[in-house]
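Asker: Single-letter residue listing:
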Amino acid sequence: MSAAEKMSRRDEMETLLPFYLNGSLEGSDLEAVEEWLASDPAALAALGEAEAEFSGTTAANEAIRPPADALSRFAKALDAEAGPRKPAGSSWLAQAWGRFMAVPVGVAWAAAAVLLALVMVQSFVEPGGKGNDFEIAGAQDDLAKMPFALVKFKPDAKMSDISGFLGSNGLKIIGGPTADGVFRLGMPAANAADYAKQIGLIAAQPFTETVIEGRKPADGG
Amino acid sequence: MTAATETDRALVDRVAKGDRAAVRLLFMRHHARVYRFVARQTGSEMMADDIANEVFLELWRQAPSFEGRSEVSTWLLGIARFKALSLLRKKKEDWIDDEAAAAVPDGADTPEVVTMKEDKAAALRRFVNALPDEHRVVIDLAYYHGQSVSEIGEVLDIPVATVKTRMFYARKKLGEALKAAGYDRGWP
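For the protein sequence lines, the chains are A and B, in the order given. Position 186 of the first sequence, counting from 1, maps to 186 under this note's numbering, and the rest follow consecutively. Position 25 of the second sequence, counting from 1, maps to 25 under this note's numbering, and the rest follow consecutively.
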């Protein structure tokens, strides 16, 4: 092989090295590079140089930091582009809630939690509004003063069981769910004894996973 | 199939059916790379912000016509490239100029002084940044975006042979710049 041919082959191999490194090389090109790496003492040094370029290029790109709020701005732009999602309003919420009540929700707890959150939002729009089976949160000022507990329901809990329990005990969902599925449950406790009793009641329910005491009534306890 | 394992193509199918959550997932997967790609093309993060957003809105609009002949990432980069070029042309910026962007340090320092101030890795980063756009973009697409020769051809709308030629000259310029800075790597 002449010097010119050697140089030509080296040039070709150097051209292919970036694609060898990024794993996209295949077929005869891949075989040629592997054969070169195995047979030419200069090839491994060349591979090291290409790896340095790889690192340098990656670092140069990753030095550019996209804005942190890009997704939220895009979501707004998408909504503007795509138009309103679904008909909104209490009748839609009532229908959605009704559907959840009618169906076992063992596999859809996350979605159910989202729906509860939507009910919450709706309640702020219409203070004092009522859901199907339990009283939902009222005016924000009242909520701020209300005794509460933090509750996490079991993933296989049934919505109908929860709503029935909340309704019959005067309990209200006044916040949540958090990303971990924790709700803030408003409690109609007049004193510490009531509060302790209600905490015990919530903890005793088969659908309760965890209950943590939050704000207690003004008489302490 | 969970969102975590759902392929890009499956998500595009969902987008084609009007699923906004799917387009947001694709945004989360690809936005940073698209943003960086455009920022490198235009030299402007403000433009990159606008164009990257537009790319994903275009994904929303064009998803029903996506035929899946290329990877979604390649498709997005192609859209980004087209939009970046269009915007730059509109702004009448002369952004492709082989002669203008020499692969040597700029600024007040001489090459020797600059070399003393930085190590080889830093020099390499700077030389990559200083490559002419048509060369830097193939370096970026191969090393950072992991694109194959044919995918780069698709993104840039150029023949495969041209991709290889540009890669050859890009690496040759990097080698020459390194050599000038005292880092002889034996090629070219």
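The set of hints was computed from the structure by calculation and includes no laboratory data. Here the structure is a predicted model, which means the values were calculated and not measured. Here a beta-carbon is modelled for each residue, glycine too, at the ideal position from N, C-alpha and C. A hint or two may mislead.
Cβ pair distances, simulated, as ranges [stated by the list, open to error]:
1) B:G68 / A:S39: 17 to 27 Å
2) B:S65 / A:D11: 54 to 64 Å
3) B:P188 / A:A32: 18 to 28 Å
4) B:G18 / A:D40: 19 to 29 Å
5) A:D156 / B:A16: 27 to 37 Å
6) A:I64 / B:A10: 50 to 60 Å
7) A:K76 / B:P188: 23 to 33 Å
8) B:D157 / A:E209: 51 to 61 Å
9) A:A68 / B:S86: 41 to 51 Å
10) A:S72 / B:G18: 17 to 27 Å
Asker: Sort out which numbered hints this structure fails and list those numbers smallest first.
Answerer: 1, 2, 4, 6, 7 and 9
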